[in-house]
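Colleague: Residue numbers (our numbering), protein chains in the order written: chain F, -10 to 240; chain Y, 68 to 636.
Be a bit skeptical, because a hint or two may be false.
Claimed, not checked - In silico DSS-like cross-links for lysine-lysine, where the CA-CA straight-line distance does not exceed 30 Å:
{"id": "1", "chain 1": "F", "residue 1": "Lys86", "chain 2": "Y", "residue 2": "Lys381"}
{"id": "2", "chain 1": "F", "residue 1": "Lys86", "chain 2": "Y", "residue 2": "Lys373"}
{"id": "3", "chain 1": "Y", "residue 1": "Lys396", "chain 2": "Y", "residue 2": "Lys326"}
{"id": "4", "chain 1": "F", "residue 1": "Lys53", "chain 2": "Y", "residue 2": "Lys381"}
{"id": "5", "chain 1": "Y", "residue 1": "Lys349", "chain 2": "Y", "residue 2": "Lys324"}
{"id": "6", "chain 1": "Y", "residue 1": "Lys525", "chain 2": "Y", "residue 2": "Lys538"}
{"id": "7", "chain 1": "Y", "residue 1": "Lys114", "chain 2": "Y", "residue 2": "Lys202"}
{"id": "8", "chain 1": "Y", "residue 1": "Lys525", "chain 2": "Y", "residue 2": "Lys633"}
{"id": "9", "chain 1": "Y", "residue 1": "Lys522", "chain 2": "F", "residue 2": "Lys135"}
{"id": "10", "chain 1": "Y", "residue 1": "Lys633", "chain 2": "Y", "residue 2": "Lys541"}
{"id": "11", "chain 1": "Y", "residue 1": "Lys538", "chain 2": "Y", "residue 2": "Lys633"}
{"id": "12", "chain 1": "Y", "residue 1": "Lys338", "chain 2": "Y", "residue 2": "Lys177"}
{"id": "13", "chain 1": "Y", "residue 1": "Lys405", "chain 2": "F", "residue 2": "Lys86"}
{"id": "14", "chain 1": "F", "residue 1": "Lys86", "chain 2": "F", "residue 2": "Lys222"}
{"id": "15", "chain 1": "F", "residue 1": "Lys86", "chain 2": "F", "residue 2": "Lys53"}
{"id": "16", "chain 1": "Y", "residue 1": "Lys526", "chain 2": "Y", "residue 2": "Lys541"}
{"id": "17", "chain 1": "Y", "residue 1": "Lys412", "chain 2": "Y", "residue 2": "Lys349"}
{"id": "18", "chain 1": "Y", "residue 1": "Lys538", "chain 2": "Y", "residue 2": "Lys616"}
{"id": "19", "chain 1": "F", "residue 1": "Lys53", "chain 2": "Y", "residue 2": "Lys373"}
{"id": "20", "chain 1": "Y", "residue 1": "Lys177", "chain 2": "Y", "residue 2": "Lys396"}
{"id": "21", "chain 1": "Y", "residue 1": "Lys326", "chain 2": "Y", "residue 2": "Lys390"}
{"id": "22", "chain 1": "F", "residue 1": "Lys135", "chain 2": "Y", "residue 2": "Lys526"}
{"id": "23", "chain 1": "Y", "residue 1": "Lys405", "chain 2": "Y", "residue 2": "Lys326"}
{"id": "24", "chain 1": "F", "residue 1": "Lys135", "chain 2": "Y", "residue 2": "Lys525"}
Since the hints were derived computationally from the structure, they do not count as laboratory data.
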Amino acid sequence: MVCFLGPDIMALQTSESEELLFSSNQAYRQGRFQEAIDGYGRLIRSGHKDGNLYYNLGNAYFRKDQLGLAILNYERARLLIPGDADLNFNLSYALDKTQDAVSESQDLVNMTFFWLKDLDLGKLLWGFAVLNFLLWTTLLIRLFFKFEWTYYVCLISIILWIIAGASFGLKWYELNTDNRAVILEQEVNILAGPDIRDTVLFKLHAGTIVHYERSEDGWSLISLPDKKRGWVKAGAVEPVMIDCKPVFTAG
Amino acid sequence: MLISCPAGADVSISMRLDREEATIADSISMVVSIAGARESDTLPVFKNIEDFDITQGGTSSRFEVINGKVNSGIDYTFFLQPQKTGTFEIGPVEVTVDGKTYRSNTTTLKVVKQPESSGADRGPLFLTAGLSSTKVYVEEQSIYTLKLYHQTRVSNISLDLPEIEHLTFRQLGKPVEYHGFYNGRSYDVVEVRYALLPSEEGICGIEPSRMKMTVAQPGRRSHRGFFDDPFFSFSTGRTMAVASEPLELNVLPLPGKGKPSDFSGLVGSFKINSKLEPNTIKAGESVTLTVLVNGRGNVNRIPDLKWPEPDHIKVYADEPVLKVKEDAKGLSGSKTMKWALVPEKEGRYKIPSLSLSFFDTETHQYREIETSRLCISVLPGEVKQVQASPDHSNGQKIEGHAKKAVKELGHDILPIHTSIKDLGKGSIIRPGGLILWSFFLGPFFIYAVVFLGLKLGKKSDRSLATLTAKKAAKEFIRKCRRDGLSSSDLTLYFRDYFNERFGLSLGSLTSEEAAEILKSEGADLDTARKILAILKGLENAVYTGKGQKACDLGEDASQLVRQIEKEIR
Chain F
-10 MVCFLGPDIM ALQTSESEEL LFSSNQAYRQ GRFQEAIDGY GRLIRSGHKD GNLYYNLGNA
50 YFRKDQLGLA ILNYERARLL IPGDADLNFN LSYALDKTQD AVSESQDLVN MTFFWLKDLD
110 LGKLLWGFAV LNFLLWTTLL IRLFFKFEWT YYVCLISIIL WIIAGASFGL KWYELNTDNR
170 AVILEQEVNI LAGPDIRDTV LFKLHAGTIV HYERSEDGWS LISLPDKKRG WVKAGAVEPV
230 MIDCKPVFTA G
Chain Y
68 MLISCPAGAD VSISMRLDRE EATIADSISM VVSIAGARES DTLPVFKNIE DFDITQGGTS
128 SRFEVINGKV NSGIDYTFFL QPQKTGTFEI GPVEVTVDGK TYRSNTTTLK VVKQPESSGA
188 DRGPLFLTAG LSSTKVYVEE QSIYTLKLYH QTRVSNISLD LPEIEHLTFR QLGKPVEYHG
248 FYNGRSYDVV EVRYALLPSE EGICGIEPSR MKMTVAQPGR RSHRGFFDDP FFSFSTGRTM
308 AVASEPLELN VLPLPGKGKP SDFSGLVGSF KINSKLEPNT IKAGESVTLT VLVNGRGNVN
368 RIPDLKWPEP DHIKVYADEP VLKVKEDAKG LSGSKTMKWA LVPEKEGRYK IPSLSLSFFD
428 TETHQYREIE TSRLCISVLP GEVKQVQASP DHSNGQKIEG HAKKAVKELG HDILPIHTSI
488 KDLGKGSIIR PGGLILWSFF LGPFFIYAVV FLGLKLGKKS DRSLATLTAK KAAKEFIRKC
548 RRDGLSSSDL TLYFRDYFNE RFGLSLGSLT SEEAAEILKS EGADLDTARK ILAILKGLEN
608 AVYTGKGQKA CDLGEDASQL VRQIEKEIR
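With the rest of the complex left out, here is chain F:
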């Protein structure tokens, strides 16, 4: 059963957090996956929004055969540590196990800025900052040395600065408009309206990534890349965005 535990943000001391992480890791290794899930979840709710914790949580759910929750937490981890090789391997493996063939088409922006999927916002910001430093330094040098080479260095710096700025901006936009959500239940009916008596349009299975549009009276409107749309019970789907409340199972 899926339930929302609510915003019970607990301020854990650093030593307590480390102890909890250690015991959760131990529980995972010894096959006590529910205990590991509880521990990682508690750490996340206490404010440690770390990609590695989401990754570990995803692993624990995977071991418990909860594919939807595993993919949800892997996707959340990917928002924070997109370049992590282990994470990408496990996510790919988990997605292979899903039943529905739903593929996201690549747009021109994503193909042009292909590095965005492997870099997190922090790295892009730092890259932009370093190039910003380089740009103003070269402009400063050009104030005193108006040689040809300083001109070209300035030109290259400006181009790199624009690319880095655009990359950062796009990533920021992507993260703030990410409306992806994951189907959590083994099989759900997608209905024509927010009522149990409405026509069943199609079925989706655990782990399928959909686009979340809005919620009404305990129902969520979702859509697929091929323009299929429909309503699903709110508990059966969960948005990927990290600032949403984390979901944990009671048992």
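Guided by the hints, dock chain Y onto chain F, whose structure is given.
Modeller: Positioned in the frame of chain F, the structure of chain Y alone reads:
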């Protein structure tokens, strides 16, 4: 050009018949092929051929060079005339080449009685159909044979098979052509065979098959003309269609009694064999267990055998390989399954047997076949890290071995991350960090300060020069207003003005120098000319001894300096 056959080329001999079943009246063509030699020491010698009359049909030799490789051979053709009915194993044939005797394969021929004459003459062209068995079980194959008998030349043959639900036709090899008899008349025969695989029980009616062809019409002209040549047969042929007789196939259900729980639907006749290579290894090395299931029947139903993992042995399964063969007798084939076994400890391990169930079409009952029990002896030894693959028999590195693609033996997720840094602080992106902002704003501020400093510095230099110029002009004009101004005084005042105004330290100032200075500072040429004229006048007055006399050029000189100040800023 003579090309000799390479010495030591591999010689092989094979024998084939043009059909597997014939009537006692038929003449069966047999070809003995010798590959790798252009001649033989003796003619072929036949074994088990007592029940046939044999006549030689001719000899042909083959010679070809493909990609620099020479292939040569001889084909001996013989005709067999059976003397009695029955099933005969013909061969082998022995041939001596370069003093060495080679043996061919054997082949089976079934000779049946000539069909009773129906009395009705079926004409020069007709199609017959027959079933090897009219009563079969579900999934058991029956051979459907179509024979086109023709006494005239036919070409462009096409065949329409009946479409029957729950019955699959599968062609067995290429059509064969031979010479035969029907109702005592001689015909050329085209024979094509299909395996029929029924998937549901019941009486299954097989509608007639239809063959369409172009039949040559040699009798159209009284004598053979130029266009009767086969090359121009398109102009003399007539399209005809013939149909076979309808047949009926009785498909029996597989008996429910005695059906094994692991029955996969396999029907036919099958064998199972297993081998273990090597039998003795050191701990940590791997052995390959190979299980081969082969036989005749619906081989695609051979299941992938499951292997119970014994204790202390790691098992890595290879992808099973299914081979399906189609010959005149139907479908046959084999499935090879391999496992790499890696015992963890020394000792003697018993490998449990693997079993397979199928419905035997010969005994009409279910059968279970199983592999023999095998053992591995594992000796103590250095544990090596092995590449567990069934193809690498014992994990030892073989020098010069061709590399193979890495085969995935299992799938799983990667482990959890235990070394999570900055757990106390969290790792959310903090755009407000001091270092980050100093990277963003620091260089900009430094640039702005330096830029402004440079701009301001330039401006202050210009202001100072302006002030000095104003001061010098003001002083000059004030001096020029004095009473009793002489030419010498005015000359000195001009020198002082130029020195102060332009930062010079001239002891004397000539008219040409003054004009040049003004030009170089950007004054108009007219102004330069005026100063040249005034100073020349003053120089004349001084050098002609009138220097101390009163001069009336004071006002003009003041006007000129004002003009200079306007022009030079």
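Colleague: Please go over all the hints and tell whether each is borne out by the structure.
Modeller: Verification of the supplied hints:
1. With a CA separation close to 25 Å, the supplied pair F/Lys86 and Y/Lys381 stays within the 30 Å bound.
2. For the hint pairing F/Lys86 with Y/Lys373, the CA-to-CA distance comes to about 23 Å; that is within 30 Å, so the pair holds.
3. Taking the CA atoms of Y/Lys396 and Y/Lys326, the gap is about 27 Å. The hint holds against a cut of 30 Å.
4. Proximity of F/Lys53 to Y/Lys381 is assessed by CA-CA distance (about 25 Å); at most 30 Å being required, the pair is judged to hold.
5. Taking the CA atoms of Y/Lys349 and Y/Lys324, the gap is about 48 Å. The hint is violated against a cut of 30 Å.
6. Simply put, Y/Lys525 and Y/Lys538 have alpha-carbon atoms about 20 Å apart, close enough for the 30 Å limit, and the pair holds.
7. Distance restraint check for Y/Lys114 and Y/Lys202: the Cα-Cα separation of roughly 36 Å exceeds the 30 Å cut-off, and the hinted pair is therefore not satisfied.
8. For the proposed pair Y/Lys525 and Y/Lys633, the alpha carbon gap of about 21 Å is at most 30 Å, so the pair holds.
9. With a CA separation close to 16 Å, the supplied pair Y/Lys522 and F/Lys135 stays within the 30 Å bound.
10. For the hint linking Y/Lys633 to Y/Lys541, the alpha-carbon distance of about 13 Å falls within 30 Å, and the restraint holds.
11. Only pairs whose Cα atoms come within 30 Å are accepted, and Y/Lys538 paired with Y/Lys633 is accepted, the gap being roughly 14 Å.
12. Between Y/Lys338 and Y/Lys177, the direct Cα distance comes to roughly 25 Å. Compliance with the 30 Å bound is thereby established for this hinted pair.
13. Taking the CA atoms of Y/Lys405 and F/Lys86, the gap is about 26 Å. The hint holds against a cut of 30 Å.
14. A threshold of 30 Å between alpha carbons decides the hint, and for F/Lys86 with F/Lys222 the separation of about 23 Å falls inside it, so the pair holds.
15. For the given pair, F/Lys86 sits about 14 Å from F/Lys53 by alpha-carbon distance, which is consistent with the 30 Å threshold.
16. Distance restraint check for Y/Lys526 and Y/Lys541: the Cα-Cα separation of roughly 23 Å lies within the 30 Å cut-off, and the hinted pair is therefore satisfied.
17. Using a Cα cut-off of 30 Å, the hinted pair Y/Lys412 and Y/Lys349 holds, with the two alpha carbons roughly 9 Å apart.
18. Among the hinted pairs, Y/Lys538 with Y/Lys616 is consistent with the structure: their alpha-carbon atoms are about 28 Å apart, no more than 30 Å.
19. The suggested pairing of F/Lys53 with Y/Lys373 holds, with an alpha-carbon distance near 26 Å, which does not exceed 30 Å.
20. The suggested pairing of Y/Lys177 with Y/Lys396 holds, with an alpha-carbon distance near 12 Å, which does not exceed 30 Å.
21. Straight-line distance between C-alpha atoms of Y/Lys326 and Y/Lys390 comes to about 26 Å, which keeps the hinted pair within the 30 Å bound.
22. A hinted pair counts as satisfied when its Cα atoms are at most 30 Å apart, and F/Lys135 with Y/Lys526 qualifies at roughly 20 Å.
23. Using a Cα cut-off of 30 Å, the hinted pair Y/Lys405 and Y/Lys326 holds, with the two alpha carbons roughly 27 Å apart.
24. With a C-alpha separation of about 17 Å, the suggested pairing of F/Lys135 with Y/Lys525 holds against the 30 Å cut-off.
This entry does not satisfy hints 5 and 7, going by the numbered hints stated previously.
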